[in-house]
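Peer 1: Each chain is listed here by its residues.
2 protein chains.
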Amino acid sequence: PAKAKSRRHMWEVKPSEMANNTLNPIRAIVDGMKITPNPEKPMIALSIGDPTVFGNLPTDETVLQALKDSIDSQKYNGYAPSVGYLKSRQVVANFYSCPEAPLDAEDVILTSGCSQAIDLCISVLCNPGDNILVPCPGFSLYKTLAVSMGIEVKLYNLLPEKSWEVDLQHLESLIDERTSCLIVTNPSNPCGSVFTKEHLQQILKVASKHCLPILADEIYSDMVFPGCSCPSMASLSSSVPILSCGGLAKRWLVPGWRMGWILIHDRNDIFGPEIRQGLVKLSQRILGACSIVQGALEGIFNNTPPSFYNSTISFLKSNSEICFNELSTVPGLNPVMPSGAMYLMVGIDMDHFPEFKNDVDFTERLVIDQSVFCLPASAFEYPNFFRIVVTVPEEMMVEACVRIREFCQRYYRPRSCELDQ
Amino acid sequence: PAKAKSRRHMWEVKPSEMANNTLNPIRAIVDGMKITPNPEKPMIALSIGDPTVFGNLPTDETVLQALKDSIDSQKYNGYAPSVGYLKSRQVVANFYSCPEAPLDAEDVILTSGCSQAIDLCISVLCNPGDNILVPCPGFSLYKTLAVSMGIEVKLYNLLPEKSWEVDLQHLESLIDERTSCLIVTNPSNPCGSVFTKEHLQQILKVASKHCLPILADEIYSDMVFPGCSCPSMASLSSSVPILSCGGLAKRWLVPGWRMGWILIHDRNDIFGPEIRQGLVKLSQRILGACSIVQGALEGIFNNTPPSFYNSTISFLKSNSEICFNELSTVPGLNPVMPSGAMYLMVGIDMDHFPEFKNDVDFTERLVIDQSVFCLPASAFEYPNFFRIVVTVPEEMMVEACVRIREFCQRYYRPRSCELDQ
Ligand SMILES: Cc1ncc(COP(=O)(O)O)c(C=O)c1O
Ligand SMILES: Cc1ncc(COP(=O)(O)O)c(C=O)c1O
Chain A
1 PAKAKSRRHM
11 WEVKPSEMAN
21 NTLNPIRAIV
31 DGMKITPNPE
41 KPMIALSIGD
51 PTVFGNLPTD
61 ETVLQALKDS
71 IDSQKYNGYA
81 PSVGYLKSRQ
91 VVANFYSCPE
101 APLDAEDVIL
111 TSGCSQAIDL
121 CISVLCNPGD
131 NILVPCPGFS
141 LYKTLAVSMG
151 IEVKLYNLLP
161 EKSWEVDLQH
171 LESLIDERTS
181 CLIVTNPSNP
191 CGSVFTKEHL
201 QQILKVASKH
211 CLPILADEIY
221 SDMVFPGCSC
231 PSMASLSSSV
241 PILSCGGLAK
251 RWLVPGWRMG
261 WILIHDRNDI
271 FGPEIRQGLV
281 KLSQRILGAC
291 SIVQGALEGI
301 FNNTPPSFYN
311 STISFLKSNS
321 EICFNELSTV
331 PGLNPVMPSG
341 AMYLMVGIDM
351 DHFPEFKNDV
361 DFTERLVIDQ
371 SVFCLPASAF
381 EYPNFFRIVV
391 TVPEEMMVEA
401 CVRIREFCQR
411 YYRPRSCELD
421 Q
Chain B
1 PAKAKSRRHM
11 WEVKPSEMAN
21 NTLNPIRAIV
31 DGMKITPNPE
41 KPMIALSIGD
51 PTVFGNLPTD
61 ETVLQALKDS
71 IDSQKYNGYA
81 PSVGYLKSRQ
91 VVANFYSCPE
101 APLDAEDVIL
111 TSGCSQAIDL
121 CISVLCNPGD
131 NILVPCPGFS
141 LYKTLAVSMG
151 IEVKLYNLLP
161 EKSWEVDLQH
171 LESLIDERTS
181 CLIVTNPSNP
191 CGSVFTKEHL
201 QQILKVASKH
211 CLPILADEIY
221 SDMVFPGCSC
231 PSMASLSSSV
241 PILSCGGLAK
251 RWLVPGWRMG
261 WILIHDRNDI
271 FGPEIRQGLV
281 KLSQRILGAC
291 SIVQGALEGI
301 FNNTPPSFYN
311 STISFLKSNS
321 EICFNELSTV
331 PGLNPVMPSG
341 AMYLMVGIDM
351 DHFPEFKNDV
361 DFTERLVIDQ
371 SVFCLPASAF
381 EYPNFFRIVV
391 TVPEEMMVEA
401 CVRIREFCQR
411 YYRPRSCELD
421 Q
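Chains A and B supply the protein sequences, listed in that same order. Count the first sequence with the working numbering and you get residues 1 to 421, in order. Count the second sequence with the working numbering and you get residues 1 to 421, in order.
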């Protein structure tokens, strides 16, 4: 008998559009690079945003103890609520609450890493066809997530000559009626920059004028060098609704643990119960963070000694200075001194390196010649720069800078106009 | 100056369609119920699919030790690859490999719970507008995920009178050219049923005939009562491509740890590199399972004594028998004896309970009168049944059955035709 519905008679299983549209620019660029180090020099990778790989920055003993206590309590093996244990949410709320931006347990949603926090925030605020404003250079995950969901990404410029402040005019020019969210990363990956209070207020003013909610990616909050302050965005505005994303990954040096959170700041009741409810519903799709890690949060926040945080920061600052001072005197390079996080961006005067097409070419050859690998900033949509991760051991940083200098000296050519003079 | 783009001048932040379309039928039903227990009887919840809540089913000491060893090694604090550590994937592959369905490390993707495994599988196989075949009654997450992604759900019937076997004719009648995946849950939540090898082969034949890939939700694999066997679907077919989803949650009694996996079975190379690559790409969105738990997998699989698994199963079987035997003789109830997992379904002869509109009404009143809460099977799209979770302590199970009997005796009415005779 003839079938009303046509069915398949041959195998044909293809990945979905969403899978095809899930693009990872870092992978796309790195996988296309020929990364064959010089066999005579041991490889130095300044590319890996994982502070644990070299063993020089272990987490604190108290952090590990808190996790073991959580196991021993036998209280945290079952399902936690999809937004996290109430007590653990309370602990995070207390830790980040301040008089200007108070937080309660119900303002906190625990997630599987800051990545899931970002995913939930974009998912709840944006529909396909909407657009979001993303810093350039910026962390690539925003675009990966947005594009896979059919959300358009508009890149707003950061200005290296102004310590990576936002080009506010450019930012404002991008806003239209389908703009559903402004993402601000502060402190910044890949720049290591930290906005001043005044600059954050300027950004908030733009958001307020155009009624744009903010996704504040504050995963590097409190990782700022001494003398520099870094207020949370939420502490500077009570009118703009803000979803602040954070986690244990960076400050506590345990990125593998996948513990993140969303802090909901909505003192003007713009998000209202709908956005909160939307976040709760989305959190039920796959549930969030490991219950054992949730159970450890109280111990982690209460017991980590200030000396741990301080020594991490001192180390990052000292390594940044070594790197910045070295590379400042290398012909053709323009490093930008960071104020926090774990990164430093270096501009390449491509005019002076006629042998190389671009930053990808430059960093590829740096591996081949000198066995030093830095991520070309094309991975952050920002050509002609490269990013250095400053978490490597000091002697590695020193050696890497020596080799980068040697490399640049070899390939540096004065501009032709300079030759003419 | 007139602006080309219209912008917002008033705050209006609404949750996305995806958030609005993320529906949790269990919450929708339970939140609408008046669950006020009888103050004179302590509450007994037979509704919670979390085996850890009553403390009578702790995980094994070796499982906890493996997790602590993972912490102490200090090797698992950093980022794992998005699909999991190679070594941990190898451990899972070895554990589940069998001659009929061999597995290698690259056939395994580690995920944040079985829920994320299911999410990734549906995401990679289906586009909006496609449909998937889902068992009825069945675990509600499939529909929650699919609907939120614009994928249609077609429910195929399971037959209680045939130990919840699939109505194969019904299943086949639902297939059309937009059907992109057949989900099979075996052993079953909510039924506790376990398909025979022959029945699994019949299902595979349908999939093969219509060239349908299978998502086998095998989170309860190996949780079958003595005398019953439960081959994996993949071991019974080399032609049908199968994504098998599993995790630590149930068999190792640690659902909060959020450790799941996808086993890719594709001996006929139907998925090919594209589907594998698609899964890898999707795994990079938020990364997967906690690295510490990944690091514990080897110890967990190697050291958990067989007696642990056996005593869990014995307990579940014994509790199931107590419950089945008790409720079999209760007028108006038709329990179906399970063969595995942790659930038992009970049919309600609604004709005999004219006072209640449906299963929701029935179970609501059971709480009010007797302080016993069972999930109405409307939550699984299967009205006129309720589900009992058999992980509660034995004395609770016994007491619950006594109260259910009392309740039914009170409200049972013979059918009018029987009265006429
Ligand atoms: C700016 C920024 N946000 C979010 C993340 C992701 O954090 P997590 O590892 O907790 O998902 C990173 C990681 O590098 C990051 O640099
Ligand atoms: C059939 C089925 N699949 C998947 C899951 C989810 O497992 P996990 O907690 O590992 O995400 C459950 C949980 O109850 C289930 O019953």
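Think of the hints as simulated: they come from the structure by calculation, not from any bench. The structure displayed is predicted, hence computed values, not measured ones. One or more hints might be untrue.
The list cannot tell twin chains apart, which means a pair is met if one copy fits it or any two copies do.
As the list claims (entries may be wrong) - The calculated DSBU-like cross-link candidates involving lysine-lysine, where the alpha carbons are at most 30 angstroms apart (straight line), are:
hint: 1; residue 1: Lys-205; residue 2: Lys-87
hint: 2; residue 1: Lys-68; residue 2: Lys-87
hint: 3; residue 1: Lys-14; residue 2: Lys-209
hint: 4; residue 1: Lys-162; residue 2: Lys-41
hint: 5; residue 1: Lys-87; residue 2: Lys-14
hint: 6; residue 1: Lys-34; residue 2: Lys-209
Peer 1: It remains to establish, for every hint, whether it holds in the given structure.
Peer 2: Each hint tested on the structure:
For the homomeric pair Lys-205 and Lys-87, neither the shortest alpha-carbon distance inside one copy (35 angstroms) nor that between copies (50 angstroms) is at most 30 angstroms. Taking the shortest alpha-carbon separations for Lys-68 and Lys-87, both the intra-copy value of 18 angstroms and the inter-copy value of 23 angstroms come in at or below 30 angstroms. Taking the closest pair of Cα atoms, Lys-14 and Lys-209 come within 30 angstroms of each other only across two copies (18 angstroms); inside a single copy the shortest separation is 45 angstroms, beyond that limit. In the homo-oligomer, the alpha carbons of Lys-162 and Lys-41 never lie at most 30 angstroms apart, since the shortest distance is 37 angstroms inside one protomer and 69 angstroms across protomers.
In this homomeric assembly, Lys-87 and Lys-14 come within 30 angstroms of each other (Cα to Cα) only across copies, at 29 angstroms, whereas the closest approach inside a single copy is 44 angstroms. Proximity of Lys-34 and Lys-209 under a CA criterion of 30 angstroms is satisfied in neither setting, with 47 angstroms inside one chain copy and 45 angstroms between copies.
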